[in-house]
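Student: Here's the letter readout for the chains.
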Amino acid sequence: NAGVMQNPRHLVRRRGQEARLRCSPMKGHSHVYWYRQLPEEGLKFMVYLQKENIIDESGMPKERFSAEFPKEGPSILRIQQVVRGDSAAYFCASSLGGQGIGEAFFGQGTRLTVV
Amino acid sequence: RKEVEQDPGPFNVPEGATVAFNCTYSNSASQSFFWYRQDCRKEPKLLMSVYSSGNEDGRFTAQLNRASQYISLLIRDSKLSDSATYLCAVTLDDKIIFGKGTRLHILP
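Line by line, the protein sequences give chains A and G. With our numbering applied, the first sequence covers 8 to 122. With our numbering applied, the second sequence covers 139 to 246.
Watch out, some of these pointers could steer you wrong.
[Claimed, not checked] DEER-style ranges, computed between Cβ atoms:
1) G:197 x A:78: 40 to 50 Å
2) A:75 x G:167: 22 to 32 Å
3) A:60 x G:155: 45 to 55 Å
4) G:197 x A:87: 38 to 48 Å
5) G:148 x A:37: 32 to 42 Å
6) A:75 x G:217: 37 to 47 Å
7) A:22 x G:146: 26 to 36 Å
8) G:146 x A:91: 16 to 26 Å
9) A:94 x G:146: 16 to 26 Å
10) G:208 x A:69: 28 to 38 Å
11) A:69 x G:246: 38 to 48 Å
12) G:246 x A:27: 42 to 52 Å
[What the hints assert, rightly or not] Straight-line Cα separation of at most 25 Å, PhoX-like style, residue types lysine-lysine; simulated pairs:
13) A:51 x G:140
14) G:233 x G:183
15) G:183 x G:238
16) G:183 x A:34
17) A:58 x A:78
18) G:233 x A:34
19) G:140 x A:69
20) G:238 x A:51
21) A:51 x G:180
22) G:180 x A:34
23) A:69 x A:58
24) G:217 x G:183
25) A:78 x A:34
26) A:69 x G:233
27) G:183 x A:58
28) G:140 x G:238
29) G:140 x G:233
30) A:51 x G:233
31) A:58 x G:233
32) A:78 x G:233
33) G:217 x G:238
34) G:238 x A:69
35) A:51 x G:183
36) G:183 x G:140
Everything labelled a hint here was simulated from the structure, so no lab data went into it. Note that the Cβ used here is the ideal one computed from N, Cα and C, for glycine as well.
Build out the structure end to end from the sequences listed, making use of the hints.
Tutor: Next up, the structure:
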């Protein structure tokens, strides 16, 4: 049973380009969370999704950022027109959700560098 | 008040000492509680769940105090390899909420 898979592991983008980060949850998990982490800082919640639904996007910047978790395929975090301040590690986590929500399992993260 | 709060540290502790962290949560309806460990430039990994009666795993002991709305992590006989950031997490309404973590440095 593969764990949470994120790709790419490292992504370099020039200012103004788009960044697409992918997250495949653990098998059987229907809940996905995205977090951003700046160097030497804690995890910052961005968005919480279930299949085809955004449940909580209170941590998402109002512009340029969007997330989806389609019925088929991975969850995608999309950053349009990237700026230097978007450089960070982006972690995805998945959980079972529901009554037996249990713990969350993290992917290895995508390190985005904007040049 | 933030949903989950932790002292960011860093805690600088000599090897062999005992160290304890607390984590407070704001919503009394929170359902489940966890401690995670994050090494530098790595993803967080589950360290242990926290049960109402308290639980122990080797040198690590976790406690839950529902009345005061905090969880604690105690590390005995600390090792250099315990140096990491420790994050607490709580679940509420189908959602997992993390604290920002406490940094621990074990000094030789």
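Student: Checked against the structure, which of the hints given earlier come out wrong?
Tutor: none
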